[in-house]
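Protein chains: 2
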Amino acid sequence: MSEVGIYEAMSTLRAVRRLRPDPVPDDVLHRVLEAATWAPTGANTQPWRVVVVKDADRKAQLGELYHRGWSRYSDNHRARLAELPENMQEREGRILAAGDYLADHYGESPVLAVFCFKPENMAITDIKLDRVSVVGGGSIYPAVENLLLACRAEGLGCTLTTLLCGYEPRVKEILGIPEDWGTACTIPIGYPVGGGHGPIKRKPVEKLSYLDHWANPYGG
Amino acid sequence: MSEVGIYEAMSTLRAVRRLRPDPVPDDVLHRVLEAATWAPTGANTQPWRVVVVKDADRKAQLGELYHRGWSRYSDNHRARLAELPENMQEREGRILAAGDYLADHYGESPVLAVFCFKPENMAITDIKLDRVSVVGGGSIYPAVENLLLACRAEGLGCTLTTLLCGYEPRVKEILGIPEDWGTACTIPIGYPVGGGHGPIKRKPVEKLSYLDHWANPYGG
Numbered sequence: 001m002s003e004v005g006i007y008e009a010m011s012t013l014r015a016v017r018r019l020r021p022d023p024v025p026d027d028v029l030h031r032v033l034e035a036a037t038w039a040p041t042g043a044n045t046q047p048w049r050v051v052v053v054k055d056a057d058r059k060a061q062l063g064e065l066y067h068r069g070w071s072r073y074s075d076n077h078r079a080r081l082a083e084l085p086e087n088m089q090e091r092e093g094r095i096l097a098a099g100d101y102l103a104d105h106y107g108e109s110p111v112l113a114v115f116c117f118k119p120e121n122m123a124i125t126d127i128k129l130d131r132v133s134v135v136g137g138g139s140i141y142p143a144v145e146n147l148l149l150a151c152r153a154e155g156l157g158c159t160l161t162t163l164l165c166g167y168e169p170r171v172k173e174i175l176g177i178p179e180d181w182g183t184a185c186t187i188p189i190g191y192p193v194g195g196g197h198g199p200i201k202r203k204p205v206e207k208l209s210y211l212d213h214w215a216n217p218y219g220g
Numbered sequence: 001m002s003e004v005g006i007y008e009a010m011s012t013l014r015a016v017r018r019l020r021p022d023p024v025p026d027d028v029l030h031r032v033l034e035a036a037t038w039a040p041t042g043a044n045t046q047p048w049r050v051v052v053v054k055d056a057d058r059k060a061q062l063g064e065l066y067h068r069g070w071s072r073y074s075d076n077h078r079a080r081l082a083e084l085p086e087n088m089q090e091r092e093g094r095i096l097a098a099g100d101y102l103a104d105h106y107g108e109s110p111v112l113a114v115f116c117f118k119p120e121n122m123a124i125t126d127i128k129l130d131r132v133s134v135v136g137g138g139s140i141y142p143a144v145e146n147l148l149l150a151c152r153a154e155g156l157g158c159t160l161t162t163l164l165c166g167y168e169p170r171v172k173e174i175l176g177i178p179e180d181w182g183t184a185c186t187i188p189i190g191y192p193v194g195g196g197h198g199p200i201k202r203k204p205v206e207k208l209s210y211l212d213h214w215a216n217p218y219g220g
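Top line first, the protein sequences correspond to chains G and B. For the first sequence, the positions run 1 to 220 when the numbering used here is used. For the second sequence, the positions run 1 to 220 when the numbering used here is used.
Be careful, since some hints might not be right.
Any copy, or any two copies together, can satisfy a pair, since identical chains are not distinguished.
[What the hints assert, rightly or not] In silico DSSO-like links for lysine-lysine, alpha-carbon gap of 27 angstroms or less:
id	residue 1	residue 2
1	K54	K207
2	K54	K172
3	K172	K118
4	K203	K172
5	K203	K54
6	K118	K128
Bear in mind the hints are in silico, worked out from the structure with no lab data behind them.
Put together the whole structure using the sequences plus the hints.
Written as structure tokens, this is what we have:
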């Protein structure tokens, strides 16, 4: 069996929010987890761990929390929908509907992969700056992206969610995560209800890049 | 030309710290940057930008800052080397030597890709928690990982560095980065001096994963 090409996988990785309840075979899940282990981390310390949640009761508890977080976020968002131009209303409405579906079925996802990290094992070079820190994420989210790309390669749907971080103390209780570890994101994983991955909509290089100086758009 | 497979690319992506001065062709660099644009971001806002630095003078200024940061870090590290067991001393010594090489030549890298982000455009769900925040990184480092994997596919060496964040105000001045943007990491990119990418050493799935609860190692 030949592998999915790297560019093909990256350019067709969508946020798949509608998952079938069918279980994910152990060997497939192992490949996806192994892909995460390959990612670079600061000084190769690999300061992340992942709790693979398959237990129905624990998933249901996480799903309830997610639903609460999503309702808060989406109520807000929905209230502003009417102010958007008509073509954007339709697009945003579709995204909200997919988000609603995910929130209603979050706890029934075949797998919830909860990524954790230990700040103490990280050299966080932006921790003293007068802005929110992100550098700890540099030793976590490359592994998460590897896992997402591997899901894409295996035909599994997935999406990167961070709403559960808002309920971290409760999530840590449910999964027995130690005091000195944090949670970075949760990835619902399963086979897609619909077409799954496919074409994506992104800004082009020229809108996201500069050459040598911020005044100088790349390729401009 | 057939693409590098996704698993092959991920499992052979090394931190390549010795780069040749040869320039990176524009079309190759464009593919690598495009790979970054494909990554998922929270609500698809793509709140990151990248400054592609090729200008010799600006690279030299960044290189000087990096060298300062590396010296501080590595002096510390070197001082503790003697306390390690002999086999680890050798390994750590090799890593330090590669780091020294990178620091001595940082400013001569053909390309320095400086990733920036705008906190205001992010929903940072862990910002109020009693620990360092990482979630902003969830909308940056997946793009960085895509760029690294694309470098691997193109035969380019690269490594994720965050030391320059410690000099962020000066870096922003050099590159004209606006007040309300932060810097997340810098990737030196170029063709490798030696073999470049290849086998990597990582902890296995069983050391990094749990099933359902932290008390229960995955596959254990």
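Structure-based check of each hint:
1. When the C-alpha separation of K54 and K207 is checked against a cutoff of 27 angstroms, the pair qualifies only between copies, where the shortest distance is 18 angstroms, while the shortest distance within a copy is 41 angstroms.
2. For the identical chains of this complex, K54 and K172 are intra-copy neighbours only, at 16 angstroms inside a copy versus 45 angstroms across copies, given an alpha-carbon limit of 27 angstroms.
3. For the homomeric pair K172 and K118, the shortest alpha-carbon distance inside one copy (13 angstroms) is at most 27 angstroms, but the shortest distance between copies (29 angstroms) is not.
4. Taking identical chains as interchangeable, the C-alpha atoms of K203 and K172 lie at most 27 angstroms apart only when they sit on different chains, with a minimum of 23 angstroms there against 36 angstroms within one chain.
5. Taking identical chains as interchangeable, the C-alpha atoms of K203 and K54 lie at most 27 angstroms apart only when they sit on different chains, with a minimum of 23 angstroms there against 36 angstroms within one chain.
6. For the homomeric pair K118 and K128, the shortest alpha-carbon distances inside one copy (18 angstroms) and between copies (17 angstroms) are both at most 27 angstroms.
Comparing the model with each numbered hint stated earlier shows that all of them hold.
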